[in-house]
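2 protein chains.
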Amino acid sequence: MNTELPDWRKAPGEVGSSISSVDTPALIIDLDAFEFNLTSVHDRVQTTGARVRSHAKAHKSVDIAKRQIAAGAIGVCCQKASEAQVFVEAGIHDVMISNEIFGKSKADRVAKLARYAKISICVDAVEQIDQIAAAAQSNQTSIAVLVELDVGQGRCGVKTPEEALRLARSVASYSPHLSLAGIQAYGGSAQHFRLAEQRRAAVTASIEKVKTTIALLQGDGLKVSTVAGGGTGTYELEASSGIYTEIQTGSYVLMDADYARNTLANDSPTLRHALFGLCTVISVSEKQAVLDGGLKAFATDSGHPTMVLPGWSVKSISDEHTVIVAEADVEPLQIGDKVRLIPGHCDPTVNLHNWLIAVRGQIIEETWPVSARGALF
Amino acid sequence: MNTELPDWRKAPGEVGSSISSVDTPALIIDLDAFEFNLTSVHDRVQTTGARVRSHAKAHKSVDIAKRQIAAGAIGVCCQKASEAQVFVEAGIHDVMISNEIFGKSKADRVAKLARYAKISICVDAVEQIDQIAAAAQSNQTSIAVLVELDVGQGRCGVKTPEEALRLARSVASYSPHLSLAGIQAYGGSAQHFRLAEQRRAAVTASIEKVKTTIALLQGDGLKVSTVAGGGTGTYELEASSGIYTEIQTGSYVLMDADYARNTLANDSPTLRHALFGLCTVISVSEKQAVLDGGLKAFATDSGHPTMVLPGWSVKSISDEHTVIVAEADVEPLQIGDKVRLIPGHCDPTVNLHNWLIAVRGQIIEETWPVSARGALF
Chain A
1 MNTELPDWRK
11 APGEVGSSIS
21 SVDTPALIID
31 LDAFEFNLTS
41 VHDRVQTTGA
51 RVRSHAKAHK
61 SVDIAKRQIA
71 AGAIGVCCQK
81 ASEAQVFVEA
91 GIHDVMISNE
101 IFGKSKADRV
111 AKLARYAKIS
121 ICVDAVEQID
131 QIAAAAQSNQ
141 TSIAVLVELD
151 VGQGRCGVKT
161 PEEALRLARS
171 VASYSPHLSL
181 AGIQAYGGSA
191 QHFRLAEQRR
201 AAVTASIEKV
211 KTTIALLQGD
221 GLKVSTVAGG
231 GTGTYELEAS
241 SGIYTEIQTG
251 SYVLMDADYA
261 RNTLANDSPT
271 LRHALFGLCT
281 VISVSEKQAV
291 LDGGLKAFAT
301 DSGHPTMVLP
311 GWSVKSISDE
321 HTVIVAEADV
331 EPLQIGDKVR
341 LIPGHCDPTV
351 NLHNWLIAVR
361 GQIIEETWPV
371 SARGALF
Chain B
1 MNTELPDWRK
11 APGEVGSSIS
21 SVDTPALIID
31 LDAFEFNLTS
41 VHDRVQTTGA
51 RVRSHAKAHK
61 SVDIAKRQIA
71 AGAIGVCCQK
81 ASEAQVFVEA
91 GIHDVMISNE
101 IFGKSKADRV
111 AKLARYAKIS
121 ICVDAVEQID
131 QIAAAAQSNQ
141 TSIAVLVELD
151 VGQGRCGVKT
161 PEEALRLARS
171 VASYSPHLSL
181 AGIQAYGGSA
191 QHFRLAEQRR
201 AAVTASIEKV
211 KTTIALLQGD
221 GLKVSTVAGG
231 GTGTYELEAS
241 SGIYTEIQTG
251 SYVLMDADYA
261 RNTLANDSPT
271 LRHALFGLCT
281 VISVSEKQAV
291 LDGGLKAFAT
301 DSGHPTMVLP
311 GWSVKSISDE
321 HTVIVAEADV
331 EPLQIGDKVR
341 LIPGHCDPTV
351 NLHNWLIAVR
361 GQIIEETWPV
371 SARGALF
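Protein chains in written order, with full-length UniProt numbering: chain A, 1 to 377; chain B, 1 to 377.
No lab work stands behind these hints, which were simulated from the structure alone.
Check before you lean on any hint, since a few could be wrong.
Copies of the same chain look alike in the list, so a pair counts if it works inside one copy or between any two.
Below are the EDC-like pairs computed for lysine to aspartate or glutamate, each with C-alpha atoms no more than 20 angstroms apart in a straight line [what the hints assert, rightly or not]:
{"id": "1", "residue 1": "LYS211", "residue 2": "GLU331"}
{"id": "2", "residue 1": "LYS315", "residue 2": "ASP301"}
{"id": "3", "residue 1": "LYS159", "residue 2": "GLU286"}
{"id": "4", "residue 1": "LYS104", "residue 2": "ASP7"}
{"id": "5", "residue 1": "LYS10", "residue 2": "ASP337"}
{"id": "6", "residue 1": "LYS159", "residue 2": "GLU208"}
{"id": "7", "residue 1": "LYS338", "residue 2": "ASP108"}
{"id": "8", "residue 1": "LYS211", "residue 2": "GLU4"}
{"id": "9", "residue 1": "LYS159", "residue 2": "GLU35"}
{"id": "10", "residue 1": "LYS223", "residue 2": "GLU127"}
{"id": "11", "residue 1": "LYS209", "residue 2": "GLU162"}
{"id": "12", "residue 1": "LYS287", "residue 2": "GLU163"}
{"id": "13", "residue 1": "LYS287", "residue 2": "ASP220"}
{"id": "14", "residue 1": "LYS315", "residue 2": "GLU4"}
{"id": "15", "residue 1": "LYS287", "residue 2": "GLU208"}
{"id": "16", "residue 1": "LYS104", "residue 2": "GLU14"}
{"id": "17", "residue 1": "LYS338", "residue 2": "GLU127"}
{"id": "18", "residue 1": "LYS211", "residue 2": "ASP337"}
{"id": "19", "residue 1": "LYS315", "residue 2": "GLU197"}
{"id": "20", "residue 1": "LYS118", "residue 2": "GLU4"}
{"id": "21", "residue 1": "LYS118", "residue 2": "ASP329"}
{"id": "22", "residue 1": "LYS10", "residue 2": "GLU163"}
{"id": "23", "residue 1": "LYS287", "residue 2": "GLU127"}
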């Protein structure tokens, strides 16, 4: 039925309008903070000689990826074949799938993408290698492969340098359809260790394991040109290691409440919150207000979103509502008031929205689709 | 760039194919279980004389809503103006927004929808009433209004019968653009009280508060034709109360791990798990396997998804991965194996996906778009 109603799939704000006109709940990007974060991290990494390969899983936005590349990133990381497709189709020329995938349709998608861009992917088993090689062969393309080394996350990745060698040989055996690029060594859990010295100890251990692995592969005549890893919690450590060549920071441009809980080393730049949820107060009662965004607007795996407005805190969150409460002596909120919240975890929060509203001060400067939202495959 | 690659936005499975061909991570609906749940709950409610108004926020699917109406539901509930638009545009003739909204564009959307379907909405403040009345007036439409009464959730809703009376009078003053339909009295937290007697006590208290409110409104000459509320945890109690006229069950057709933790009264039908996440094993190590779906495939606000395969349990979940571990003596999983998980909470999990794959046994019978995914406004 054509109802002639405004299309709700359109951006919830108009370029040039005030932030107060944004339909809620929506995600706001503060461009000043975003640009500060972008420049700060890229400068830090690039002065070491390492390169940034921004992780696009954090934002799923072609507009953000293009800004990251304009600021010196060599390309992007993705986690899924379909996610990679979004960025290749948008003209990004160098896309790494920093993850294992398995499935014929996925391998075929990756192999076909290699017709249009430089594609690399991670492996931790021969089954993946065999499948990707077959797809590359049948599509007559070539894919760069990184052997993933588990450096403490306990998730994917081979556990020992010897296993890495075995897989690296297997990759090399599929030349020219596969080429060995090097090693993926991402310490995911280390990103969120709260103390700078804990993060430093974890990365120091990772570097040792990577060095041993490189020596073993090189001793076998295999070339390791790329060592990839690092994230928003540890990027300076990998970048300055002299070992890591590509740094996979993702959250850094947006930031979230969880990363803000990390204590930084003295000389590290404090990244700014650039991502906010904007909600409207829809109901009030004594010392309490109810917002029009809940679990479908904020991911809560890393805790509740936090209120920006002083004196207010989040009491509870349900599918469509966040209940906030005021300290004593705080001015009550009124129905219709708009408030900002800092998401607990940026990646799965962005994935809940179709749009990012990029603002400069109080004015909407751009509206960015979350291009790869739902690209789960 | 046109890459001629398969469109990842299409359904991850083809009608008539085997479930084993589904691209993962994906959501599967077991149609036998779904139909059992649909029939069981509708039969229970309809024999009491109350009517089911299925909550579409749980599934956001036009295909499911149509099946619910075919099975006797008088219409659907939605939580948002844009969500209501999806169902009205799909031809559903009776849509209740069982929530407060605030914002001129939202009120205007609701008022315009009333040209095409019977639209009702909840209020708990004069600000909402004034705004909706203005929108209905300027669009020359009429909207039915329920005054929401807080029956223990502590979220939206007026706290006292006296406040309800004040708002009911305000609604009546805007005739013919607003009409007083009755009272919304949904006990959200009571749905998840684990013991049947806890839920019964909560609903008994709600019924008393509703009765007092009805008496007050009727004493003032106001007509209360609709009393709406109830959910998957308590639907039999409201339905058999003689007071509630519309039952707003949502999760019942899908079910989830959280609702399965409720202890049921002896004569209540045990609803079956109809919603599953299907994932592929992408990496294995000793007694552990890594799945290709994480926080972007499963909402975790009500706990981790749970494994269906005996001997396996979820150890951790991150953005794109779920790590599962085996008990001693359990056969290891292989890369490429597909496994099912029961989501912790169905509503926000469905909201993460673009498609529901409806299967009968091992064969894909239909593919249903999550039509209102992202309809946050």
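Checked hints:
For the identical chains of this complex, LYS211 and GLU331 are neighbours neither inside a copy (58 angstroms) nor across copies (35 angstroms), given an alpha-carbon limit of 20 angstroms. In this assembly of identical chains, the alpha carbons of LYS315 and ASP301 lie at most 20 angstroms apart whether taken from the same copy (16 angstroms) or from different copies (14 angstroms). In this assembly of identical chains, LYS159 and GLU286 lie within 20 angstroms of each other by CA distance solely across copies; the values are 10 angstroms between and 56 angstroms within a copy. Only between protomers do LYS104 and ASP7 lie at most 20 angstroms apart by alpha-carbon distance; the minimum there is 15 angstroms, versus 37 angstroms within a single protomer.
In this homomeric assembly, LYS10 and ASP337 never come within 20 angstroms of each other (Cα to Cα): the closest approach is 23 angstroms inside a single copy and 39 angstroms across copies. For the homomeric pair LYS159 and GLU208, the shortest alpha-carbon distance inside one copy (14 angstroms) is at most 20 angstroms, but the shortest distance between copies (62 angstroms) is not. Taking the shortest Cα distances, LYS338 and ASP108 sit within 20 angstroms of each other only across copies (19 angstroms), while inside one copy they are farther apart (46 angstroms). Within a single copy, LYS211 and GLU4 get their C-alpha atoms no closer than 63 angstroms, and across copies no closer than 41 angstroms, so neither meets the 20 angstroms cut-off.
Proximity of LYS159 to GLU35 under the C-alpha cut-off of 20 angstroms is found in neither arrangement, the shortest distances being 38 angstroms within a copy and 46 angstroms between copies. When the C-alpha separation of LYS223 and GLU127 is checked against a cutoff of 20 angstroms, the pair qualifies neither within a copy, at 22 angstroms, nor between copies, at 69 angstroms. Proximity of LYS209 to GLU162 under the C-alpha cut-off of 20 angstroms is restricted to the intra-copy arrangement: shortest distance 11 angstroms within a copy versus 70 angstroms between copies. In the homo-oligomer, the alpha carbons of LYS287 and GLU163 lie at most 20 angstroms apart only across protomers (17 angstroms), although the nearest pairing inside one protomer, at 59 angstroms, exceeds that limit.
Taking the shortest alpha-carbon separations for LYS287 and ASP220, neither the intra-copy value of 68 angstroms nor the inter-copy value of 31 angstroms comes in at or below 20 angstroms. Within a single copy, LYS315 and GLU4 get their C-alpha atoms no closer than 39 angstroms, and across copies no closer than 49 angstroms, so neither meets the 20 angstroms cut-off. Taking the shortest alpha-carbon separations for LYS287 and GLU208, neither the intra-copy value of 54 angstroms nor the inter-copy value of 26 angstroms comes in at or below 20 angstroms. Only between protomers do LYS104 and GLU14 lie at most 20 angstroms apart by alpha-carbon distance; the minimum there is 15 angstroms, versus 42 angstroms within a single protomer.
Proximity of LYS338 to GLU127 under the C-alpha cut-off of 20 angstroms is restricted to the inter-copy arrangement: shortest distance 15 angstroms between copies versus 52 angstroms within a copy. In this assembly of identical chains, LYS211 and ASP337 lie within 20 angstroms of each other by CA distance neither inside one copy nor across copies; the values are 55 angstroms within and 34 angstroms between. Taking the shortest Cα distances, LYS315 and GLU197 never come within 20 angstroms of each other, neither inside one copy (33 angstroms) nor across copies (27 angstroms). Proximity of LYS118 to GLU4 under the C-alpha cut-off of 20 angstroms is restricted to the inter-copy arrangement: shortest distance 17 angstroms between copies versus 44 angstroms within a copy.
In this assembly of identical chains, the alpha carbons of LYS118 and ASP329 never lie at most 20 angstroms apart, being 59 angstroms within a copy and 44 angstroms across copies at closest. In this homomeric assembly, LYS10 and GLU163 never come within 20 angstroms of each other (Cα to Cα): the closest approach is 49 angstroms inside a single copy and 38 angstroms across copies. Taking the closest pair of Cα atoms, LYS287 and GLU127 come within 20 angstroms of each other only across two copies (18 angstroms); inside a single copy the shortest separation is 58 angstroms, beyond that limit.
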